[in-house]
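Peer 1: The lines below spell out each chain.
2 protein chains.
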Amino acid sequence: MKFCSNCGNGDLEYIIPEGDHKHRYYCPNCDTIHYQNPRIIAGCVPMYEGKVLLAKRAIEPRYGFWNLPAGFLENGESPEDGALRELFEETGAKGEVNRLHTVFSLPNFNQVYLLFLVDLTSEEYEATTSESLEVRFFELDEIPWKEIAFESSTFALESYIASPSKEKVNLGQFVKY
Amino acid sequence: MKFCSNCGNGDLEYIIPEGDHKHRYYCPNCDTIHYQNPRIIAGCVPMYEGKVLLAKRAIEPRYGFWNLPAGFLENGESPEDGALRELFEETGAKGEVNRLHTVFSLPNFNQVYLLFLVDLTSEEYEATTSESLEVRFFELDEIPWKEIAFESSTFALESYIASPSKEKVNLGQFVKY
Ligand SMILES: [Zn+2]
Ligand SMILES: [Zn+2]
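Protein sequence lines correspond, in order, to chains A and B.
In terms of full-length UniProt numbering, the first sequence is residues 1 to 177.
In terms of full-length UniProt numbering, the second sequence is residues 1 to 177.
If you're looking for bench data, these hints aren't it; they were derived computationally from the structure.
Some hints here could point you the wrong way.
Chain B side only, calculated, beta carbon under 7 Å to chain A, not exhaustive [what the hints assert, rightly or not]:
#1 1
#2 29
#3 32
#4 36
#5 73
#6 77
#7 109
#8 146
#9 148
#10 167
#11 169
Sample of chain B residues with no beta-carbon within 10 Å of chain A, all distances over it, derived [what the hints assert, rightly or not]:
#12 50
#13 60
#14 122
Below, in silico cross-link-like pairs of lysine-lysine (DSS-like), each with a Cα-Cα straight-line distance of 25 Å or less [claimed, not checked]:
#15 A:146 x A:51
#16 B:94 x B:51
#17 B:176 x A:166
#18 A:2 x A:51
#19 A:166 x B:168
#20 B:22 x A:94
#21 B:2 x A:168
#22 A:2 x A:22
#23 B:146 x B:51
#24 A:2 x B:2
#25 A:22 x B:176
#26 B:168 x B:51
#27 A:168 x B:176
#28 B:146 x B:176
#29 A:176 x A:94
#30 A:51 x B:2
#31 B:176 x B:22
#32 A:94 x A:51
#33 A:51 x A:176
#34 B:94 x B:166
#35 A:22 x A:176
#36 B:166 x A:168
#37 B:22 x B:2
#38 A:94 x B:168
#39 B:166 x B:51
#40 A:22 x A:168
Computed from a predicted structure; not experimentally measured.
Beta carbons are placed, not taken as given, at the ideal position from N, Cα and C, and that holds for glycine.
Given these sequences and hints, build the entire structure.
Peer 2: Structure representation (C-alpha cells):
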C-alpha cells in the first residue's frame, strides 16, 4: 500500500496503533487505519465413482501443472458457492457439496484454502476451458504427484486417499522458513 | 475505494475487466485492478468439562452482548493460531484445537467465520479483559440465547448442543434479503 485509498495521501505511516499489537498502514491525513487480511481460496475435491477430476492450469503461477479446481472467494459469495463456481469455471462440471474436507493455510502468503468434498452430479465436463489446458478424471492410484501445482492439492488428495470417509476436517499448513 | 492505493489517482473506474465476470475498481493511470475479497473471522467454541466459556463484548457492534471469542484473522497467521489468539485476548484462557467445528458465512457482509472446537487446558480465565466486560463459563442449559451477539455464535452453540461429538463441520449461512 503506497497511497491512502480513502483520501489519496501518499505519506502513509507504518505504525502500531494504540491498543493494537501489529503494524498497520495509517493515514494521518484522514485518520484511517488500513487493515490487511488473508484471502480465502475456495475449491474442491471433485469425485465421481471413485475418480477425482483435476484441471491442468492454463494460467500462471504453475502453468501446465495439475490442480484441484480452486480460486479466490468473491465478495457476496459463500465458500460453498465459490467452490462450485470455480469447479464449473475450470472444468465445466457440476456437483453438490458433501462436506468441508480440508483447511490448508499458508500464513506467509496470507492465504487460506477451504476445500470441499464435492459429489459430481454426472460424469460430464469440458476437456478444455479458458482456465484449463486439459481436464480429466484420474483414478486415485494414477494421480500425477510430481505434476501437482500446489501443496494444498497434494495435502487434500493425500488426506482423502488415507481416509476417504473421514468426516473430520484435515487441517494442513505450509510454512516457509 | 476512492483512490488508487498504488498511485494515488482519484479517477478510478468501476468496470468488468476483460475475461472477468464481476465489477472491479480499476485504475487507468497505473493499469491496476483492485480486487476486494471476504475476510475471515477466526474463533472458537471453548469447552471445559462440559461448560462453554463466553465473553461479554466491551466493543461495538453489539456492546454488552455475549459471544464466542472471535476476531479478524491477521496476515501471517493460520486460522487455528488466530482462534487461540482471540481466545486469549478476549478471555485470558488457553486451549488446544480439537477440530474445526463451524464454518458460518455472511455473503452480504463479506465475512466467513471459522470456529474451532477448543479444549481448554485449564479452568483459568480473566474475569474481565480490555475486549470483554465479563467472562464466565455457562452450562449448556443456561446459555443466554437472547443476549448472544451474533448469529454465528448462536448457530455454532446450537450445533454443538444438538450433536457434541459430531466430527463433520457444520456449514451455516446468514443471508440478508
Ligand atoms: Zn487518507
Ligand atoms: Zn493507480
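Peer 1: Does each hint fit the structure? Answer for all of them.
Peer 2: Hint-by-hint comparison with the structure:
1. 1: Holds: closest Cβ of chain A sits about 5 Å from residue 1 (chain B), inside 7 Å.
2. 29: violated, 11 Å
3. 32: This hint is violated: residue 32 (chain B) lies away from chain A, its Cβ roughly 11 Å from the closest one there, beyond 7 Å.
4. 36: Where the cut-off is 7 Å and the nearest Cβ of chain A is about 6 Å from residue 36 (chain B), the hint holds.
5. 73: holds, 5 Å
6. 77: At about 6 Å, which falls below the 7 Å cut-off, the nearest Cβ of chain A leaves the hint on residue 77 (chain B) intact, so it holds.
7. 109: Cβ of residue 109 (chain B) sits 10 Å from chain A, so the hint is violated.
8. 146: Where the cut-off is 7 Å and the nearest Cβ of chain A is about 27 Å from residue 146 (chain B), the hint is violated.
9. 148: With Cβ-Cβ at 21 Å, over 7 Å, it is violated.
10. 167: holds, 4 Å
11. 169: holds, 4 Å
12. 50: Non-interface label stands for residue 50 (chain B): nearest chain A Cβ at 21 Å, farther than 10 Å.
13. 60: With a cut-off of 10 Å, residue 60 (chain B) remains clear of chain A, as the shortest Cβ separation is near 14 Å.
14. 122: Answer for residue 122 (chain B): holds, closest chain A Cβ roughly 23 Å.
15. A:146 x A:51: Satisfied, since the Cα-Cα distance of roughly 18 Å is no more than 25 Å.
16. B:94 x B:51: The given pair, whose Cα atoms are some 15 Å apart, holds under the 25 Å limit.
17. B:176 x A:166: Violated, at roughly 33 Å.
18. A:2 x A:51: Distance ~47 Å between residue 2 (chain A) and residue 51 (chain A) Cα, so the pair is violated.
19. A:166 x B:168: holds, 9 Å
20. B:22 x A:94: holds, 21 Å
21. B:2 x A:168: Outside the cut-off at roughly 43 Å; violated.
22. A:2 x A:22: holds, 18 Å
23. B:146 x B:51: Satisfied, since the Cα-Cα distance of roughly 18 Å is no more than 25 Å.
24. A:2 x B:2: holds, 14 Å
25. A:22 x B:176: Outside the cut-off at roughly 33 Å; violated.
26. B:168 x B:51: holds, 21 Å
27. A:168 x B:176: The hint is violated at about 30 Å.
28. B:146 x B:176: holds, 20 Å
29. A:176 x A:94: violated, 35 Å
30. A:51 x B:2: violated, 48 Å
31. B:176 x B:22: holds, 20 Å
32. A:94 x A:51: Satisfied, since the Cα-Cα distance of roughly 15 Å is no more than 25 Å.
33. A:51 x A:176: violated, 32 Å
34. B:94 x B:166: holds, 23 Å
35. A:22 x A:176: holds, 20 Å
36. B:166 x A:168: Between residue 166 (chain B) and residue 168 (chain A) the Cα gap is close to 9 Å, so the pair holds against 25 Å.
37. B:22 x B:2: holds, 18 Å
38. A:94 x B:168: holds, 22 Å
39. B:166 x B:51: Holds, at about 17 Å.
40. A:22 x A:168: violated, 33 Å
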